[in-house]
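**Q** Using the hints, position chain B against chain A.
As given, the protein sequences belong to chains A and B, one line each in that order.
Letter by letter, the first sequence follows residues 136 to 486 of our numbering.
Letter by letter, the second sequence follows residues 136 to 486 of our numbering.
Heads up, a few of these hints could be off.
Which copy is meant is left open, so a pair is good if it fits within one copy or across any two.
To be verified - Computed cross-link-like contacts, DSS-like style, restricted to lysine-lysine with a CA-CA straight-line distance of at most 25 Å:
(1) Lys215 x Lys228
(2) Lys235 x Lys215
(3) Lys351 x Lys234
(4) Lys235 x Lys351
(5) Lys235 x Lys484
(6) Lys483 x Lys390
(7) Lys255 x Lys390
(8) Lys435 x Lys476
(9) Lys310 x Lys215
(10) Lys255 x Lys351
Please keep in mind that the hints were generated in silico from the structure rather than gathered at the bench.
Number of protein chains: 2
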Amino acid sequence: MPLSVLQQLQDEMLCLPGAGCSLMEMSHRDQAFIDILHDAENSIRSLLNINDDYAVLFLQGGATLQFSMIPANLIRGTDKVAQYLVTGAWGKKAVGEAKKEGNVEVIYDAKESNYNHVPKAADYQVRDDAGYLYYCSNETIQGVQFQEEPESPAGVPLICDASSDFLSRPLDIRKYGMLYACAQKNAGPAGVTVVIVRRDLIDAGQPDLPGYLNYKNHAEADSEWNTPPTFAIYALGKVARWLVDDIGGLDAMAKLNQEKSQLLYDVVDAHGDFYQGHAVDCCRSKMNVTFNLPSDELLKKFVSEASAHNLASLKGHRSVGGIRASVYNAMPLEGAQTLAKFMTDFAKKNG
Amino acid sequence: MPLSVLQQLQDEMLCLPGAGCSLMEMSHRDQAFIDILHDAENSIRSLLNINDDYAVLFLQGGATLQFSMIPANLIRGTDKVAQYLVTGAWGKKAVGEAKKEGNVEVIYDAKESNYNHVPKAADYQVRDDAGYLYYCSNETIQGVQFQEEPESPAGVPLICDASSDFLSRPLDIRKYGMLYACAQKNAGPAGVTVVIVRRDLIDAGQPDLPGYLNYKNHAEADSEWNTPPTFAIYALGKVARWLVDDIGGLDAMAKLNQEKSQLLYDVVDAHGDFYQGHAVDCCRSKMNVTFNLPSDELLKKFVSEASAHNLASLKGHRSVGGIRASVYNAMPLEGAQTLAKFMTDFAKKNG
Chain A
136 MPLSVLQQLQ DEMLCLPGAG CSLMEMSHRD QAFIDILHDA ENSIRSLLNI
186 NDDYAVLFLQ GGATLQFSMI PANLIRGTDK VAQYLVTGAW GKKAVGEAKK
236 EGNVEVIYDA KESNYNHVPK AADYQVRDDA GYLYYCSNET IQGVQFQEEP
286 ESPAGVPLIC DASSDFLSRP LDIRKYGMLY ACAQKNAGPA GVTVVIVRRD
336 LIDAGQPDLP GYLNYKNHAE ADSEWNTPPT FAIYALGKVA RWLVDDIGGL
386 DAMAKLNQEK SQLLYDVVDA HGDFYQGHAV DCCRSKMNVT FNLPSDELLK
436 KFVSEASAHN LASLKGHRSV GGIRASVYNA MPLEGAQTLA KFMTDFAKKN
486 G
Chain B
136 MPLSVLQQLQ DEMLCLPGAG CSLMEMSHRD QAFIDILHDA ENSIRSLLNI
186 NDDYAVLFLQ GGATLQFSMI PANLIRGTDK VAQYLVTGAW GKKAVGEAKK
236 EGNVEVIYDA KESNYNHVPK AADYQVRDDA GYLYYCSNET IQGVQFQEEP
286 ESPAGVPLIC DASSDFLSRP LDIRKYGMLY ACAQKNAGPA GVTVVIVRRD
336 LIDAGQPDLP GYLNYKNHAE ADSEWNTPPT FAIYALGKVA RWLVDDIGGL
386 DAMAKLNQEK SQLLYDVVDA HGDFYQGHAV DCCRSKMNVT FNLPSDELLK
436 KFVSEASAHN LASLKGHRSV GGIRASVYNA MPLEGAQTLA KFMTDFAKKN
486 G
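Chain A with its partners taken away, still in its complex shape:
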């Protein structure tokens, strides 16, 4: 979370300006909260240039619940086939849940390369009658990211788990049937998931679905079908405002994220005999820079010395190993510079 947003949350904790009480003491039906929810929605619409063909919903349950909700709404009880591109751990989990709901085909799986890349359009074939084409735009554990959208035939909705790169760069929402993201990487605190869904897809859910899992209920009630996570939505709205007002929109944010990640990749490339990057060049994530060191001993030393420089949370996931340096939106350029300098010094001393 950006420091200026945390400061606003702090200032307004006891009394929301104009409301006479804390946001946390307010009913979700109060006009003051409804205004906050609409403001958050409008900031997202403005940042991503989303028109009224799409609903913007604020839900609970994280990406994990979306793994089930998407197939439960779009293919359950039909003979449609949902097709998935698997480029890492999150795509794999999504497939696991989807298989419980209907017919699923994995049409690309980067498993053999230990998920170090994303496919080109020529690498997979989407059926013209697929229920949808699903992918995860950025895989946090592997540090691979789609630089542009996969291609799906006309009539096949493209569905994207953008949990870890939402609001980190501009995109053309008209290419998507649905794009969703849990907030906690770039957009706000844990506890709220933003779902941007084309209105024609909302009506697909059947009445026998658990009510909470039916997009229609949430869309018709403007995300107030039941009590929404009010504080998380309020904080997310502040982050979206920060992106609009302080950063200057998603082009500027993308430029900054490119700069931050490039600083780190440059060190990896300059010391290619010491650091081994995980992702192949064309698929490198602007959010999660993943690389390994020559030995487990040096890896431990790297994490420990980095920690002494206030560089935390660097240890990679066990399935990939090595280091994962995350440079999400709220990480300032100075943070990436400090890490890049530390990496250079460390390679020189230990290489």
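**A** Below, chain B alone, put in the same frame as chain A:
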């Protein structure tokens, strides 16, 4: 939310003591957050005297998702019948969702009296082989509350939606198979639901359930199967600590809630020709005091004049009409005293 808790949240917003960053910048896997989660759990265990036969889970999706999760885990795919007591709007909603998952019988419905009471044990008959017996302990819209638990035969788990009176009074958890509550009435901010479930019931969920809906996943991962709503859990933990340290436990809290609600009921009774209480005496809620006025005109005048006295959110739900005065845990005695005095004055002037 108690003022002292809001002040703590404010103080710790930029930097959680000992953590070096804001709670909202922390991974849910960080030991500092895991300690916060365990502390919240332990405070709840201590307040309600819950032993290890029960899991305490922190979930998302509110009571609404529980309406589906309970039957999806306990009766879906079996020939078991779930039996429901319906004493107001929330019980009715729970039945609607349960019917999608399996066999459901409503064995008591207070509809004919417009939900002004709860049943006595003699008023309903629970099957010995029922999947479970379900009820809502406090109906917020109608202002009726069970003063003691319904009776269920040995072997039939009692399941309670305690969303609006959780942590407002002591209870004997051993009488329950499961008790759950969304936090936003007495226990914290919106966005987290506490589920206290006997461990033998956790294993009932079948593998074809959407993963998020399976209690087993959450229990095995200690509420970290996916990213939990970290800030809401942290705030809930502070409220639970406030109940332990500042209030002195649930006996003291119950006494205070009894006192606050009685102040209002006393005015209703003293002006019985002016105020008409909705709930029958024996079933009056200690959380939501519901009553009507002699005319719509007087009702409007009451709400408007109360608002000028900083007494807000008094309008009842349209299905019951009239006034609903909520005196949840965080409402101080002085708040109830101010409202009682206003009610007395209003009756004298307009009666």
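**Q** With reference to the structure, classify each hint as holding or not holding.
**A** Status of the hints after comparison with the structure:
1. Lys215 x Lys228: within (20 Å within a copy, 32 Å between copies)
2. Lys235 x Lys215: both (14 Å within a copy, 23 Å between copies)
3. Lys351 x Lys234: Both. Shortest intra-copy (22 Å) and inter-copy (19 Å) distances satisfy the 25 Å Cα cut-off.
4. Lys235 x Lys351: Answer is both; intra-copy 21 Å and inter-copy 17 Å each pass.
5. Lys235 x Lys484: neither (52 Å within a copy, 64 Å between copies)
6. Lys483 x Lys390: neither (29 Å within a copy, 68 Å between copies)
7. Lys255 x Lys390: Classified as within; 24 Å inside a copy, 67 Å across copies.
8. Lys435 x Lys476: within (18 Å within a copy, 67 Å between copies)
9. Lys310 x Lys215: Intra 21 Å, inter 46 Å, cutoff 25 Å: intra-copy only.
10. Lys255 x Lys351: Cα proximity of Lys255 and Lys351: none, with 34 Å in one copy and 39 Å across.
Of the hints listed earlier, those the structure fails to meet are numbers 5, 6 and 10, in rising order.
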